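Keeping their order, the protein sequence lines are chains L and D.
Residues in the first sequence are numbered consecutively from 122, following our numbering.
Residues in the second sequence are numbered consecutively from 4, following our numbering.
If you are wondering where the hints come from, they were derived from the structure by calculation, not from laboratory data.
Keep in mind that a hint or two might mislead.
With a Cα cut of at most 20 Å, we get these calculated EDC-like pairs of lysine to aspartate or glutamate [said to hold, decoys possible]: (1) L:355 <-> D:32; (2) L:385 <-> D:20; (3) L:323 <-> L:310; (4) L:323 <-> L:289; (5) L:355 <-> D:31; (6) L:385 <-> D:22; (7) L:385 <-> D:119.
Have a look at the derived ranges for each label pair, beta carbon to beta carbon [said to hold, decoys possible]: (8) D:18 <-> L:729: 21 to 31 Å; (9) D:15 <-> L:414: 26 to 36 Å; (10) L:798 <-> D:18: 29 to 39 Å; (11) D:152 <-> L:450: 53 to 63 Å; (12) L:808 <-> D:152: 39 to 49 Å.
A short, non-exhaustive set of chain L residues, derived as facing chain D with CB atoms under 7 Å [what the hints assert, rightly or not]: (13) 786; (14) 792; (15) 851.
The structure displayed is predicted, hence computed values, not measured ones.
Idealized CB from N, CA, C, for every residue including glycine.
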Amino acid sequence: MGHMEPVRGDDALSRRKFIVAGMSAAGGLALGVAFPGLANARPLTGAPWSNDALAIATEVNAWIVIDPDETITIRIPHSEMGQGAATSNPMIVAEELECDWAKIKGEFASPNRNVRENNVYKDQNTVGSRGVATSWQYLQQAGASARARLVQAAATRWNVSASECTAENGAVLHKATNRKFTYGQLAADAAKVKLDKEPAIKSPDQFKLIGKPLPRLDTPVKVNGEAKFGIDTKQPNMAYAAIISCPVVGGTLASVDESGLAGKRGIVKVVKLKDAVAVVADNTWRAMQGLEALKINWNYGPGANSDSDSMKTMYRETLTEPMIQVRKDGDTDPVFANAGKVIEARYEVPHLAHAPMEPMNATVHVQPDRLDVWIGTQNALGTLQQAAKASGMPQEQVYVHNAYLGGGFGRRSNNDEMVQAIAISKEIGRPVKLTWSREQDIRGDRYRPQAAAKFRAVLGPDGMPQAVEAKVAVGSINRSQGRPVDNGIEGQAVDGIVNSPYKIPNFYVGGQMKNTHLPVSFWRSVGGSQNCFFYESFIDELAHAAGKDAYQFRRAMVDRVDFVGVLEKLHEASNWEKKLPKGQGRGIAVAENHGSVVGTVAEVTVDNRDQVRVNRLVVAVDCYHVVNPKIIEAQMQSGAMFGLSAVLYGEMSVKAGQVQELNFDKYRVVRMAEAPQVEVYLVPSGGPKWGGIGECGTATIAPAVGNAIFSATGKRVRELPLKNVKISQLASL
Amino acid sequence: MAVTLKVNGQTHTLDIEPDMPLLWAIRDEIGLTGTKFGCGIAQCGACTVHIDGVAMRSCSIPASTAAGKNITTIEGLASADGKLHPVQAAWVAEDVPQCGYCQSGQIMAAAALLKEKPNPTDADIDGITNICRCGTYVRIRRAIHRAATTKA
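Could you put the whole structure together from the sequences, leaning on the hints where they help?
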């Protein structure tokens with residue numbers, strides 16, 4: 122597909138022209154742009170989950186409904202958490218359908234139907250940046266299949282061969298006789314057509330819709346309060362619950378003194394769970410107030426013996442233990458044995474919380490013959506299965522109504538809040554909405570693991586690395602979630618180092634996993650979120666030790682087309698060679714993360730009070746194929762801001778086993794005043810693979826910023842977050 | 004206790020505690036869910052409404068203190084005939100929202116800023132401290148400038 126123009130928004134007017142021009146090819150006008158005042162445009166409604174019906178009369182197949190008024194509704198299998206699946210999925214289907222994009226509506230595919238109809242919507246787990254990457258083929262196929270059936274339905278009515286008919290812009294034409302049927306007229310017949318063979322799908326060079334910066338389908342309902350999130354659910358006879366779990370994870374509930382509730386209005390019940398206590402009331406605030414009025418005793422358990430110091434010590438000590446080898450190129454041992462100078466460094470990062478804007482919540486109604494769940498989940502099907510297991514109800518009787526998610530970032534595929542809500546609903550015999558407070562959301566999080574890494578390297582006479590040894594110590598996500606670990610080490614523990622593209626003749630990577638009492642899970646970019654900071658910072662140390670430019674040093678070590686494309690675009694777009702004023706610095710980092718190659722150049726200012734200001738981020742990404750460049754740009758900016766919060770402020774400090782940063786006053790995140798300009802360049806190189814976009818934007822932010830700080834000050838940051846680092850007091854290297 | 008709130012031009016007489024936060028009176032008692040709960044301690048701004056035209060964080064305001072004032076939520080920002088507020092129109096044109104959860108608060112904060120400063124500088128925009136975990140700040144800034152140009 123070649124190089125694309127940068128998608129930067131400062132030229133709004135020319136981009137608007139591009140959008141309108143682009144849309145005319147598909148026959149419609151982008152409503153949001155062409156008619157900004159059109160409040161009635163609702164391609165996605167406020168409550169976009171389907172009604173769980175099996176095949177309805179106006180379906181052409183399980184993915185596509187065509188109404189007599191020509192409205193086309195496309196079922197979206199993935200969750201919408203801001204990453205744009207609710208727009209990109211329909212774009213891929215519509216690409217094949219040959220329809221009017223202005224007539225497209227979207228609806229979230231029913232996980233219950235997925236269960237009852239032989240997994241028709243396949244894997245709905247919207248994680249790992251895999252949404253588009255794993256579904257583009259069957260989404261294209263669904264659209265192509267529907268198109269072929271519509272064509273056949275028309276051909277049958279005209280008594281001609283399908284090969285004489287064309288599908289264009291929502292109609293089937295028999296040009297030879299100037300006859301036409303619209304899709305709306307054909308839908309019912311099309312549903313009954315049995316094709317002899319399924320049509321081939323388009324190849325990327327044939328795309329007309331995919332690749333266009335179409336406006337998001339959910340924007341209209343996200344600017345006027347209509348978009349419903351799980352937390353907005355209201356059901357008849359619904360009670361409201363608030364909950365607190367043991368402040369030391371792994372502890373249990375000992376006793377509850379409810380006397381503080383006397384005289385409090387609207388209290389329904391106190392529900393005790395093994396490790397938590399909930400108050401049920403007639404609105405959210407009364408439930409939260411009720412919770413605060415309880416006197417709770419906990420058995421804190423062994424986790425209470427941990428604190429930040431003991432946890433840091435554990436990971437440092439783990440680095441000295443035998444490692445499990447995950448990569449060995451050549452042999453590093455003799456090189457180190459004979460080396461004059463060995464460059465060494467140790468890096469460390471803390472646990473991190475997800476903290477999506479919408480705190481975790483679930484509304485649940487346990488009934489004798491069915492279970493309804495209203496929630497925002499990253500995995501509609503998985504949540505249904507988890508609800509069935511937690512309630513003992515057969516899966517066919519569980520209905521999960523998936524709303525818009527107020528942020529996912531990896532947190533919303535483990536529905537701990539739903540399991541609690543099911544227990545509460547059972548105990549009170551009514552529907553209940555359980556809303557976690559922000560404190561509970563962070564207290565009850567499954568964190569990005571804590572980690573440490575130790576590197577050693579020897580440079581050759583030409584200044585390039587002869588040997589690099591990387592050892593990591595990190596919390597195991599698999600073990601934390603009760604999943605098996607093969608050969609003692611899991612992929613995410615070493616991702617970002619083990620898949621290094623650099624041509625280093627002797628390269629060793631080993632890891633060892635240890636867990637604290639804190640649960641750990643997938644956090645945007647996962648292993649890359651710590652390992653890219655570790656590794657790309659150390660590579661930068663080597664460049665400096667060699668007296669070489671940080672870009673040239675890396676460029677000399679890669680020959681992969683995707684890495685070369687990203688590096689060269691960063692070099693050009695960041696104006697890398699231009700000298701910066703004193704006190705300012707520029708840093709670069711590149712990595713492969715979740716199927717794409719990404720890189721960042723950061724420009725920072727470090728003042729004489731050690732305050733770091735990130736002024737500019739330049740991001741380049743090769744995701745091989747582009748569905749919607751506007752959404753990709755947004756995602757890269759999003760990943761950047763998420764990574765920036767982590768590098769500047771993010772940490773879970775622990776005292777007596779308890780996480781201290783429970784709200785945004787202590788768990789600080791980036792706001793407008795700190796948000797830099799983020800320039801995004803797409804350099805898709807095509808080929809058989811479609812890369813992911815949800816996470817890679819975060820992976821190279823921390824090392825780019827750290828490397829920029831070095832460029833500005835000569836001081837190497839080896840520990841995050843920056844708020845704990847007195848840069849001027851670091852040893853000079 | 005009877006607390007009378009005028010929200011988006013409609014009067015609601017609620018039988019609630021005077022110290023129930025305005026946020027929860029709006030969401031749970033009146034049933035307008037566009038105003039969101041994000042932190043409960045006025046740190047994030049997801050709960051931003053206008054009280055007599057001034058942007059306020061409703062999670063930290065007792066409902067009773069808002070009685071007798073004109074309260075506007077996101078649902079009341081567009082005009083009665085459905086025409087979007089210039090800030091909402093700019094948000095659509097720039098495709099600002101991602102997950103969308105913080106956006107009601109962002110829009111209310113931006114609308115209040117533009118009322119006070121029809122031509123805000125970037126430094127003025129920096130004064131909006133609403134949190135967005137999706138990081139839409141670059142487009143929020145652009146949309147505010149766009150809305151300022153449109154209004155002018």
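Item to complete: Double-check residue 786 of chain L for me: the hint is only fine if its C-beta lies closer than 7 Å to a C-beta in chain D.
Response: At 5 Å from the nearest chain D Cβ, residue 786 of chain L passes the 7 Å test, so the hint holds.
Discussion item. I want to verify a distance hint. Is the separation of the beta carbons of residue 798 of chain L and residue 18 of chain D within 29 to 39 Å?
Written reply: 50 Å, violated
Item to complete: Mind checking the alpha carbons of residue 355 of chain L and residue 31 of chain D for me, to see if they're no more than 20 Å apart?
Response: The given pair, whose Cα atoms are some 9 Å apart, holds under the 20 Å limit.
Discussion item. Does residue 792 of chain L hold up as a contact with chain D if the rule is Cβ-Cβ below 7 Å?
Written reply: The hint holds - residue 792 of chain L has a Cβ within 7 Å of chain D, the shortest such distance being about 5 Å.
Fill in: Consistency of beta-carbon spacing, residue 729 of chain L to residue 18 of chain D, with hint 21 to 31 Å
Between residue 18 of chain D and residue 729 of chain L, where Cβ atoms are some 59 Å apart, the hint is violated.
Worksheet item: For the pair supplied as a hint, residue 385 of chain L and residue 20 of chain D, is the alpha-carbon distance within the 20 Å limit?
Response: 10 Å, holds
Discussion item. For residue 323 of chain L and residue 310 of chain L, compute the direct alpha-carbon distance and say whether it is at most 20 Å.
Written reply: 24 Å, violated
Worksheet entry | Agreement of residue 385 of chain L and residue 119 of chain D with the hint, judged by alpha carbon distance not exceeding 20 Å | It is violated: about 42 Å lies between the C-alpha atoms, which goes past 20 Å.
Worksheet item: In this structure, is the beta-carbon distance linking residue 15 of chain D and residue 414 of chain L contained in 26 to 36 Å?
Response: This hint holds: roughly 27 Å between Cβ atoms.
Discussion item. Run the distance test for residue 385 of chain L versus residue 22 of chain D: straight-line Cα separation, threshold 20 Å.
Written reply: 13 Å, holds
Discussion item. Hint check: residue 323 of chain L vs residue 289 of chain L, CA-CA at most 20 Å. Holds or violated?
Written reply: 15 Å, holds
Practice prompt. Note whether the CB distance of residue 808 of chain L and residue 152 of chain D lies within 39 to 49 Å or breaks it.
Written response: With Cβ atoms ~42 Å apart, the hint holds.
When the structure is compared with the earlier hints, violations turn up for hints 3, 7, 8, 10, 15 and for no others.
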